[in-house]
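Student: This is what each chain is made of:
There are 2 protein chains.
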Amino acid sequence: MENKKIFVILLLAIALFSCKPGVEKDQTVDWNAQTDLIFSKGVKITNNNFVGTAYVSMLVDADSLNQTYVGNVTFEPGARTNWHSHPSGQIILVVNGEGYYQEKGSPKRILRKGDAVKCPPNVLHWHGASSGSDFIQLAISSSEIGPTEWMDAVSDEEYRSNE
Amino acid sequence: MENKKIFVILLLAIALFSCKPGVEKDQTVDWNAQTDLIFSKGVKITNNNFVGTAYVSMLVDADSLNQTYVGNVTFEPGARTNWHSHPSGQIILVVNGEGYYQEKGSPKRILRKGDAVKCPPNVLHWHGASSGSDFIQLAISSSEIGPTEWMDAVSDEEYRSNE
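Read top to bottom, the protein sequences are chains A and B. Heads up: the first sequence begins at 20 in my numbering, then just goes up one per residue. Heads up: the second sequence begins at 20 in my numbering, then just goes up one per residue.
Think of the hints as simulated: they come from the structure by calculation, not from any bench. Since the model is a prediction, treat every value here as computed from it, not as a measurement. Just so you know, not all the hints are guaranteed correct.
[Stated by the list, open to error] Straight line, CA to CA, 35 Å or less: simulated DSBU-like cross-link-like pairs of lysine-lysine: (1) A:Lys137 to B:Lys123; (2) A:Lys132 to B:Lys137; (3) B:Lys132 to A:Lys137; (4) B:Lys123 to B:Lys137.
Based on the provided sequences and hints, a complete structural model is requested.
Tutor: This is the structure in structure tokens:
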């Protein structure tokens, strides 16, 4: 009988003082989700210039006075652009995650949050997420000279090079 | 004696199952600190084109092939640019905090994380932090036509307008 009393008190103590895993879970931080929120994710890209799942939000459009435009692009793991080039060049600013950037004939580079790349005009290149991480990047270019020239998809062999 | 036994068991139970506030505190998130870290803060601006304390980190420089450049600018509360204009226009992308943007003759606008502004070429304007918040923004412009034209400081009266 005394043991039963101790057992009941023990249960009450545990109930009163134990941590609530459900509450703690809510406080867990998903860094990706947080930084996702800086710029809107936008809409799923449905054209054939990408492999895998990617989203784009146009933050600033080109206009007649200033033909520079900015898009926020979110690549899911493994997603990437096709090989392409920009007649005015392109600037890539990495907002979050880990991804790749490669110019034709050069080794693939790893890009992380805070990195910046300036791709020269008419240089064939691709960019996208690594296989284990989302990749969120701002893409800055200009429509002044002409549109982006899209080429072949990046094969799995090319994607996995230098790994 | 039996009560003492219960008391000891109770203490042990509390010690075993209670939460550790110290550990929880370490998990507290300073969102500002997190997003600060995306792009480097850079160096303190010491020229006379700003009022208050601001920092700049040049992420991408202009070059002969692509004269677009990108700077990450951090304004402390109350800090702002002087009135100025860009011959090629300017794009502002807000990374964190709260700030202001005003074109000459128009009301001051409040800018927050994720906002984008495209300021047309040769339009006189200023931008900076609100009085109660840091303001971190990417500034995208081009040196193609010519340098930024700097004018008078934004007076306290102008800064406080529409408040």
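Student: Take the hints in turn and mark each one as holding or not.
Tutor: Taking the hints in turn, this is what the structure says about them:
{"no.": "1", "hint": "A:Lys137 to B:Lys123", "verdict": "33 Å, holds"}
{"no.": "2", "hint": "A:Lys132 to B:Lys137", "verdict": "24 Å, holds"}
{"no.": "3", "hint": "B:Lys132 to A:Lys137", "verdict": "24 Å, holds"}
{"no.": "4", "hint": "B:Lys123 to B:Lys137", "verdict": "15 Å, holds"}
In summary, this structure violates none of the numbered hints.
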